[in-house]
Structure formats: C-alpha cells, structure tokens
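Engineer: Required output: the full structure, derived from the provided sequences and hints.
Residue numbers (our numbering), protein chains in the order written: chain A, 1 to 174; chain B, 1 to 174.
Everything labelled a hint here was simulated from the structure, so no lab data went into it. Every value quoted in this text rests on a predicted model; they were computed, and no experiment measured them. Glycine residues also receive a C-beta, built at the ideal position from the N, C-alpha and C atoms. A portion of the hints provided could be inaccurate.
[Said to hold, decoys possible] According to the in silico footprint, chain B covers these stretches of chain A (three or more CB under 8 Å from chain B):
1. 4–10
2. 40–53
3. 139–149
There are 2 protein chains.
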Amino acid sequence: MIVYDAIVRKRDTRSFADRPVPDDVLDRILQAGRMAGSARAAEPVRLVVLRDADRRAELAACGNSTTHMLSAPLVIALVLVPEFGQVGAPFTLFRGPFDAGRAAQNMMLAAWEEGISSCPASMHDEAAAAQVLALPAGHYVANVIAFGYPEGADPTTGTRPRMAAAEYIHWESW
Amino acid sequence: MIVYDAIVRKRDTRSFADRPVPDDVLDRILQAGRMAGSARAAEPVRLVVLRDADRRAELAACGNSTTHMLSAPLVIALVLVPEFGQVGAPFTLFRGPFDAGRAAQNMMLAAWEEGISSCPASMHDEAAAAQVLALPAGHYVANVIAFGYPEGADPTTGTRPRMAAAEYIHWESW
Numbered sequence: 001m002i003v004y005d006a007i008v009r010k011r012d013t014r015s016f017a018d019r020p021v022p023d024d025v026l027d028r029i030l031q032a033g034r035m036a037g038s039a040r041a042a043e044p045v046r047l048v049v050l051r052d053a054d055r056r057a058e059l060a061a062c063g064n065s066t067t068h069m070l071s072a073p074l075v076i077a078l079v080l081v082p083e084f085g086q087v088g089a090p091f092t093l094f095r096g097p098f099d100a101g102r103a104a105q106n107m108m109l110a111a112w113e114e115g116i117s118s119c120p121a122s123m124h125d126e127a128a129a130a131q132v133l134a135l136p137a138g139h140y141v142a143n144v145i146a147f148g149y150p151e152g153a154d155p156t157t158g159t160r161p162r163m164a165a166a167e168y169i170h171w172e173s174w
Numbered sequence: 001m002i003v004y005d006a007i008v009r010k011r012d013t014r015s016f017a018d019r020p021v022p023d024d025v026l027d028r029i030l031q032a033g034r035m036a037g038s039a040r041a042a043e044p045v046r047l048v049v050l051r052d053a054d055r056r057a058e059l060a061a062c063g064n065s066t067t068h069m070l071s072a073p074l075v076i077a078l079v080l081v082p083e084f085g086q087v088g089a090p091f092t093l094f095r096g097p098f099d100a101g102r103a104a105q106n107m108m109l110a111a112w113e114e115g116i117s118s119c120p121a122s123m124h125d126e127a128a129a130a131q132v133l134a135l136p137a138g139h140y141v142a143n144v145i146a147f148g149y150p151e152g153a154d155p156t157t158g159t160r161p162r163m164a165a166a167e168y169i170h171w172e173s174w
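Structural biologist: This is how it looks when you write it as structure tokens:
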C-alpha cells in the first residue's frame with residue numbers, strides 16, 4: 001500500500017472482529033509509534049499496551065464513547081511524561097500532545113496497511129485513567145487508540161466527510 | 001513506498017535545496033492533512049500555507065530554532081480554532097494539539113513519499129505567531145512544519161536514535 005493511498009483511504013472504525021492482532025503485526029505497530037519524531041527529540045511519549053479484556057474495560061470506564069475499547073483486541077494508551085504533560089504555558093501544553101498525535105497517526109497508518117482499523121478514545125476522567133494504568137505522579141494519558149480487524153462493511157468503501165479544502169487551507173495569511 | 005517503510009525510515013531534516021515543491025505534490029500534502037481524523041470528527045485544525053520568503057521569515061522570528069523555515073520553500077502552520085485551542089481542562093487542551101499532530105504526521109509522511117523531508121518548528125512566542133498569521137481571536141498555532149527537498153547527505157541513510165523499546169512500551173500497566 002503506498003503512503004498517500006493509506007492516508008486518504010484510512011477510515012476509523014468502532015466495531016472489531018473477535019480476532020487477535022498477531023504478535024508480528026503488533027511489533028510493527030509499536031515500532032511505528034516509537035519511530036515518530038518529537039520536538040527537540042525529547043521523546044515525551046510512552047505506550048501502555050492493553051490486551052486483557054478486564055484491563056481494557058477498566059480503562060474504557062474512564063472515558064465517554066469508549067465502547068469500541070471493549071471489542072478491540074488491542075488498546076494502546078499514549079502517555080506523556082511529566083515535563084511535557086503538566087499544565088503550563090501553551091507551548092509546553094501543546095508540545096507533548098502534538099507529539100503524541102504524531103505517534104498515534106504512525107501507529108494507525110501502520111495498522112491500516114495490515115488490514116487493521118482503529119479509533120481513538122479520549123479519557124474524560126484523566127485522573128481515573130492515570131490510576132487504572134498505575135502511572136507515576138505527573139504522567140498524563142494523552143489519548144487511547146483501539147485497534148482490531150474491522151467488523152461489518154469494508155471500511156475502505158465508507159465515506160470520510162471533511163470540511164471543504166477552501167475552508168481548511170489558507171494562503172500566506174488567515 | 002510502503003507505509004511501514006516510510007514511517008520507520010523517515011528522518012527529519014533542517015537543510016533544504018533551493019527547489020520549490022511542485023503544485024501537484026503540495027496538493028497531496030494538503031489533502032493528507034485534511035483527511036486526518038479528529039476527536040468526535042470535530043476537525044479543529046486549519047492550515048496556513050506560506051511560500052513567500054518574507055512571510056516565512058516573519059513567522060520564523062516567532063520561535064527559537066526556526067532557521068530551517070528560511071531555506072524551506074514550503075512552510076505550513078497548523079492552527080487550532082478557538083473551541084479547541086483555549087486553555088482549560090486537560091481534556092480540552094490535549095484534544096486539539098493531538099489532532100494537529102495527527103494531521104502533521106500525515107502531511108510529513110505524504111511528503112516523504114515524494115522525496116520531500118520536513119521538520120517541525122515550535123512557536124515560542126505564540127501571540128506573535130498568531131499576529132503574523134492574522135489569526136482571529138482565540139486561534140492558536142499548534143505547530144509549524146517546514147518542507148523541502150533535502151540538501152546534503154541522503155536522509156534515509158542517517159540514524160534515527162530513539163529510546164529502547166523496553167523503556168517506550170509498557171504491558172497492561174505502567
């Protein structure tokens with residue numbers, strides 16, 4: 001699959017087949033996250049991999065709209081280490097989550113090439129999520145991604161509604 | 001180029017040849033950003049494309065370590081619209097920049113497939129950057145990416161040092 005096609009055809013799904021992600025595929029997904037660049041090469045992101053169904057349910061309880069974490073055989077939480085996750089100036093705030101987004105997209109695209117779809121889940125109760133994952137003080141869950149083989153209609157045939165390019169793109173100035 | 005290879009071989013560069021990015025390639029880079037998913041499909045990200053050298057220099061003055069924005073023929077600022085960019089609870093703070101990171105990685109990978117390398121630049125003076133781009137009140141620059149054909153050594157042969165997988169990945173719990 002060429003990169004551009006993977007990017008523009010990727011479609012997130014929230015229903016997953018009862019079929020595990022093979023270990024070699026998991027290795028590639030994790031490596032894709034690890035190789036993502038970061039501001040000043042500071043590497044603020046860490047991953048917590050959840051495959052156990054009870055563990056996935058515990059973490060799913062920390063967010064709204066997380067039922068897809070129950071059927072997904074693989075859930076990966078992106079954690080920010082303290083110096084990036086703490087509330088401070090916008091620059092500090094933005095850097096960690098931005099880098100987590102880069103790592104997440106790498107993982108989602110690598111998975112997509114393997115026929116695995118994915119969907120993020122936000123942890124609305126951030127403190128509870130940190131507790132479930134037993135994070136050290138000051139660590140934050142930037143986001144959680146659920147992965148699995150899509151169930152139901154072929155996701156590549158679905159629509160991907162996006163705002164018009166003219167609204168999305170500005171030239172030289174806002 | 002297959003997706004996994006693009007991801008793990010991508011290397012950011014900060015030196016660019018004096019060669020413009022063709023319009024059709026630019027179209028694909030922008031489309032790659034536009035097709036990135038977002039939390040609740042809220043689409044909090046917008047792009048401002050800068051190719052004019054004076055405009056790039058004005059924006060580069062708003063951050064440290066931004067000299068690569070001067071030689072890069074293409075600079076794209078990722079802007080967050082107000083409801084996502086404002087300071088608030090961690091959930092709100094994280095969502096916009098995380099989605100901007102997803103869009104940025106899509107654009108950087110699509111560019112890489114075309115032989116174009118890239119490197120982010122943080123805007124340390126966020127208010128000045130918003131002023132240069134003439135952003136409406138409450139809009140934030142999440143990050144800026146400089147793109148161009150790499151100058152000097154082939155970037156695919158360079159090293160990409162990352163922390164060990166054992167430090168990066170945790171299993172079932174921290």
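Engineer: When the hints from earlier in the document are held up against this structure, which numbers fail?
Structural biologist: none
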